[in-house]
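A.B. asks: Here is what each chain is made of, one letter per residue.
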Amino acid sequence: MSSKPRIVITGLGLTAPNGNSLGEFRANLLAGKARIAVIDVRHMGRHPAGVCDFDATKWQKRKEIRNGTRVGSISIFCAREALGDSALDWDKVEKSRVGVYLGITEHGNVETENEIHNISQFGNDTKYWTHHHNPRTVANNPAGEVTMNMGITGPHYTIGAACAAGNAGLIQAAQMLQLGEVDIAFAGGVSESIHTFGIFAGFKNQGALGAHEDPTKASRPFDKNRNGIVISEGGAIYVLERLDDALARGARIIAEIAGWCINSDATDAVLPNPERQTECVRMALQRAGMKPQDIHIVSTHATATALGDIQECTALRTVFTDCPETRINNTKSFIGHCMGAAGALELAGNLPSFHDHWVHPTINIDELDPECALPGLVINQPVKVDRVDAILNNSFGMLGINSALIVKKYGVA
Amino acid sequence: MTKDDIKQVVLDIIADIAPDEDLTAVKPEVRLRDQLSLDSMDFLDIVMELRKKHGIEVPEADYVQLASLDSCAEYLHPKFEAKGK
Numbered sequence: 087m088s089s090k091p092r093i094v095i096t097g098l099g100l101t102a103p104n105g106n107s108l109g110e111f112r113a114n115l116l117a118g119k120a121r122i123a124v125i126d127v128r129h130m131g132r133h134p135a136g137v138c139d140f141d142a143t144k145w146q147k148r149k150e151i152r153n154g155t156r157v158g159s160i161s162i163f164c165a166r167e168a169l170g171d172s173a174l175d176w177d178k179v180e181k182s183r184v185g186v187y188l189g190i191t192e193h194g195n196v197e198t199e200n201e202i203h204n205i206s207q208f209g210n211d212t213k214y215w216t217h218h219h220n221p222r223t224v225a226n227n228p229a230g231e232v233t234m235n236m237g238i239t240g241p242h243y244t245i246g247a248a249c250a251a252g253n254a255g256l257i258q259a260a261q262m263l264q265l266g267e268v269d270i271a272f273a274g275g276v277s278e279s280i281h282t283f284g285i286f287a288g289f290k291n292q293g294a295l296g297a298h299e300d301p302t303k304a305s306r307p308f309d310k311n312r313n314g315i316v317i318s319e320g321g322a323i324y325v326l327e328r329l330d331d332a333l334a335r336g337a338r339i340i341a342e343i344a345g346w347c348i349n350s351d352a353t354d355a356v357l358p359n360p361e362r363q364t365e366c367v368r369m370a371l372q373r374a375g376m377k378p379q380d381i382h383i384v385s386t387h388a389t390a391t392a393l394g395d396i397q398e399c400t401a402l403r404t405v406f407t408d409c410p411e412t413r414i415n416n417t418k419s420f421i422g423h424c425m426g427a428a429g430a431l432e433l434a435g436n437l438p439s440f441h442d443h444w445v446h447p448t449i450n451i452d453e454l455d456p457e458c459a460l461p462g463l464v465i466n467q468p469v470k471v472d473r474v475d476a477i478l479n480n481s482f483g484m485l486g487i488n489s490a491l492i493v494k495k496y497g498v499a
Numbered sequence: 002m003t004k005d006d007i008k009q010v011v012l013d014i015i016a017d018i019a020p021d022e023d024l025t026a027v028k029p030e031v032r033l034r035d036q037l038s039l040d041s042m043d044f045l046d047i048v049m050e051l052r053k054k055h056g057i058e059v060p061e062a063d064y065v066q067l068a069s070l071d072s073c074a075e076y077l078h079p080k081f082e083a084k085g086k
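First to last, the sequence lines map onto chains A and B.
Take any residue in the first sequence, note its place counting from 1, add 86, and you have its number in this note's numbering.
Take any residue in the second sequence, note its place counting from 1, add 1, and you have its number in this note's numbering.
What the hints contain is simulated information worked out from the structure, not anything from laboratory work.
Just so we're clear, the structure is a prediction, and the values are computed from it rather than from any experiment.
Take these hints with a grain of salt, some might be off.
Simulated crosslink set (DSS-like; lysine-lysine; CA at most 27 Å straight-line) [claimed, not checked]:
1. A:Lys213 x B:Lys8
2. B:Lys84 x A:Lys149
3. A:Lys310 x A:Lys90
4. A:Lys213 x B:Lys86
5. A:Lys213 x B:Lys53
6. B:Lys84 x A:Lys213
7. A:Lys303 x A:Lys470
8. A:Lys290 x A:Lys119
9. A:Lys147 x B:Lys84
10. A:Lys147 x B:Lys53
11. A:Lys213 x B:Lys80
12. A:Lys147 x B:Lys54
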């Protein structure tokens, strides 16, 4: 990618179940603090879930919140926080040169379920179906709400990529910046999935919904007794710019996008394929001009399903042989699976490692599954390392979509 | 239900759908759109809430009758009376 413009991260805003800023999120990851609630899921009773508690009224009028969607509010909060973090002089930014690219796992389930419930109270008469349904459920909704809130007149759309969506949003933005389509991109991933019972029911009937008497221990990737996914909401949106533009305005550069790959299993709707995952990671490394030994943190996708964790470990074991400096961790053990936001949030929680040299662990491992016993897996306690120059962020999703994104510390050759 | 009661019904609906608006000094004779930040979707919300909460139907051709609190009261009063309210 040397002939193309270099792309850097210059801002970040997030909301996670255990933090509404990078500082709070990171502190909890290093302190081993998970936060998973137990919520009432329509038709299904009580289940563990990751719930965000950001203040939507910080950036939205109450009418905007009422007429919009939960994921719209998550997106606006994250984008506005990212803007503040970037220190862009927003009044002077040409808004037609700004793009919004948000990864989503799904969209519209929440509003559709709500309206089906609503009209069920009126004999299923569709004259009671809200006229807000279509603007709330069009697939570009969260990105569009951001543009309306912030006055952005450049392109906006979502990238539907199942649970690989957080990486996919960032990759799309980097590509659009390299093409010169925009000068500034707000990009990442968002999810409101805890508000749709269909996601819970689907995973439960697939035998993949996590449960534990202590909700903070329900999400336990790589543990021998893991029993499935904890569904969470959240968002992480980054400000991306071309390096030259960022340097010209004296921006603080958080990290550089080094390489990426998205590929497809083309084998099964739900079962992962470690061969394709291996190819995905290797292609990302090749495009970044890196060897496996150059990666100091691998942020895994593992969701705590019986097979999925093993499959990812198989792929990583294949790629990362003889890599004594490569540490491996997992964020879902703290916050559950934030679906469309997962990849973007999991990358965010690791970014401070470039400077503080701490690697947060994967927690909730009481008995490590031998099939997940990767060298370098950071278990239950953070570790201090000599350096962190590059992070590989894995995010995989249904229908066999794999994504691997590599970011590096700015200034490292 | 008096016409003043009906105006309050409409104000209560607006309070729900436009929670940022100050409704303490709404002038009943002035068009709602001229004194509040309401758009066409908000008026559809008023129509929907009248339907849901009070069983009142407002045909599209009559939406213009909802322009002000006074015109709402004039238009809706016989409809509420027909409902026995």
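A.B. asks: Would you list, in rising numerical order, the hints stated earlier that this structure does not obey?
C.D. replies: Structure breaks hints 2, 3 and 9.
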